[in-house]
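Chemist: For the protein sequence lines, the chains are A and B, in the order given. Quick note on this note's numbering: the first sequence kicks off at 1 and runs consecutively. Quick note on this note's numbering: the second sequence kicks off at 1 and runs consecutively.
There are no misleading hints in this set.
Stretch by stretch, here's where chain B covers chain A in the computed footprint (C-beta under 8 Å, at least three residues): (1) 151-165; (2) 195-201; (3) 241-251.
In case anyone wonders, no lab produced these hints; they're calculated from the structure. In this text, all values refer to a predicted model and were calculated from it rather than measured experimentally. We put the beta carbon where it would ideally sit given N, CA and C, even for glycine.
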Amino acid sequence: MEKLRDEKGGKIWAIGGGKGGTGKTFIVSSIGTYLAKNRKRVVLIDVDIGGANLHSFLGISRPKKSLTNFFDMGTPLKDLVVKTGIGNMSLITGDIHSLASDSIIFTQKLKLFRHIMKLNRQYVIIDLGGGSHNNTIDTFLMADKMIAVVEPEIIAVENMYHFIKNALFRKLRMSLKEYGFKEIIDHMWEKRERYKIKNLRELIGCLKDSFSYVGDILDREISGFKIYIILNKVRSSQDIFIGSSIKSILLKYLGINAKFVGYIEYDDSIWRSVRERRPFMLTYSLSRSAKEIEAFTENLIQGKEMRLMRS
Amino acid sequence: MSRKDYKKYFEILELDPDASTLEIKSAYLRLRKLYSTDSIVISPIADEFSKKNRRDILQQVDESYAKLMVLLRNEHSKSRYRQKSLASDKGHMGEKADETTFSGQALRQIRKNLGIHLYEVALDTKIRIEMLNKIELEKFDSLPPEVYLKGHISNYARCLSLNPEKVTDDYMERYRVWKDEVKDKV
Chain A
1 MEKLRDEKGG
11 KIWAIGGGKG
21 GTGKTFIVSS
31 IGTYLAKNRK
41 RVVLIDVDIG
51 GANLHSFLGI
61 SRPKKSLTNF
71 FDMGTPLKDL
81 VVKTGIGNMS
91 LITGDIHSLA
101 SDSIIFTQKL
111 KLFRHIMKLN
121 RQYVIIDLGG
131 GSHNNTIDTF
141 LMADKMIAVV
151 EPEIIAVENM
161 YHFIKNALFR
171 KLRMSLKEYG
181 FKEIIDHMWE
191 KRERYKIKNL
201 RELIGCLKDS
211 FSYVGDILDR
221 EISGFKIYII
231 LNKVRSSQDI
241 FIGSSIKSIL
251 LKYLGINAKF
261 VGYIEYDDSI
271 WRSVRERRPF
281 MLTYSLSRSA
291 KEIEAFTENL
301 IQGKEMRLMR
311 S
Chain B
1 MSRKDYKKYF
11 EILELDPDAS
21 TLEIKSAYLR
31 LRKLYSTDSI
41 VISPIADEFS
51 KKNRRDILQQ
61 VDESYAKLMV
71 LLRNEHSKSR
81 YRQKSLASDK
91 GHMGEKADET
101 TFSGQALRQI
111 RKNLGIHLYE
121 VALDTKIRIE
131 MLNKIELEKF
141 DSLPPEVYLK
151 GHISNYARCL
161 SLNPEKVTDD
171 YMERYRVWKD
181 EVKDKV
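So here's chain A without its partners, still in its complex pose:
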C-alpha cells in the first residue's frame, strides 16, 4: 500500500501497540510537546477507540467538534483543530463514532489523510489507542512511521505480537490485491487446514514455496514493513533488554525489521502530572523520564536504534 507523503515534508507517525494502558496517549502528548518545543509545527490526532482523552494529558477540555463532524457533516478539518496551550502544537480529536466504526470506509480515510496533509504541519502524530481492530490497523499502515508501545509484561507483549501480525497480514493482503493475487492469500488462509498452515509465518512460507512470483512481492513488502518499538514502564535494567528481545523475535520469527528506539522508566511523576492535568514534558522537563523521551524521539526522527551497550 502506498504511503501518503506530503510535498512539504510532513511526516505522519502513528502510535499503537495492541494493549490499552501501556501509555500510548502519554507518549503521543510527550513526543508532540518535545517536537513543538523544538519549533516544529505539530498536530496531534486522537483516534483512540477506547475513549479519546489526549486533551486531558495536555490539560485542556474536550474539544467540542470531533472527526465525526468531518465525516458526517463535511466540516472542514481546519475547523476541528484546537489549540493545546503549547505553542506550535494543535489537536484534533476523534470519538467513538468516527474512526472506530466500520462505516468509515477506506476511501473516506484516505480523504481524511489528504486533508491532514493540507494542514501544513511538519509532524502529524496519531494516537491509535489500544486494540487490533482493522480500522486501527489500516490507519497504522498508512503512517510514515509505525510505532508500537509495549510494557515489560506478558499480556502487553502478547497483544503487541497479535497487533503486528495483524498489521503485516493486512499489508501483505493489500499489496497482493494490487497485483491481483488477493485470491491466492485468501484461499490459502481459508483452506489452511488442507495446506497445514497454522499461523502467519507458515502462511508466508507456503505462499513463497508455491508461487515464486508471489514470494518476490512478499519479500519486498516484508522488508519495507518497519516497526519502531518503545518500551514503557521499565522497572529494572533487565527490563530494558525486553525491547531488544522483541525486536529479535520479530526479525527471526517473521522477518520483520523492527527498531527498538528507546524506553521510559517507571516514574511516579508521570501519573502525578497526568492527574494534575499538566503536560509532563513542561512540568518535569528535567526528569530522567523526560530525557528518555527526548532520546527516543530523536532516534525516531533519525530512524536510529538505541544502543544497548553503555560505554
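We have chain A; now place chain B onto it with these hints.
Modeler: Same frame as chain A, but now just chain B:
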C-alpha cells in the same frame, strides 16, 4: 578476510559491522539466553514458534559467534603487533594499561563499565552466579581450592576480554596474601 566478508554473521547476531568485541559477546549471550529459555517475550508466541525453530536459530547464533571470534582473534593479533611496534617506538607508553591490579573489586568495576550482567558471565563461563559474586567480593574463605579457582578466574577474564594470565596472577597474588594471613593467625 575483512569485516565485510562477515556481514552475514553480524546480521545474525543483530549487530552493525563495526560492533566492538564486547557488543559481539554481549549480543551472543543475550540471544543465546533469549532462544534457550522461556520468558515473557517467548511464551506468548511459543505455540507457533516451535522448539525446533528455536534450536535452528541457536545453531546459527553459535556458528556466527564462532566465526566472529576467529575474525576478532585475527584483528587482535594484528593490533597486538601494531601496539608492540608503537611501544618500542615510544618507550614506556604501552605499559600504562598494565598498571591496574585486577582485584575482585576491579573486575566488578570493569564488568559494570562494560554493561555486562553477572548472569551473562555465568552463561558464558559456566561458573555459577553465586561463585562469581564471591570472586568479585573476594570472599576467599568460601572459594574453591586454588587449582579450580585459577581456572575460574582465567575464564572470567577471558569473558571480559582481559588478559587471562595477568588477571589470574594479580588475583591469585591477593588470594595468597590472605591465605598467609590466615596461616599466621593460626
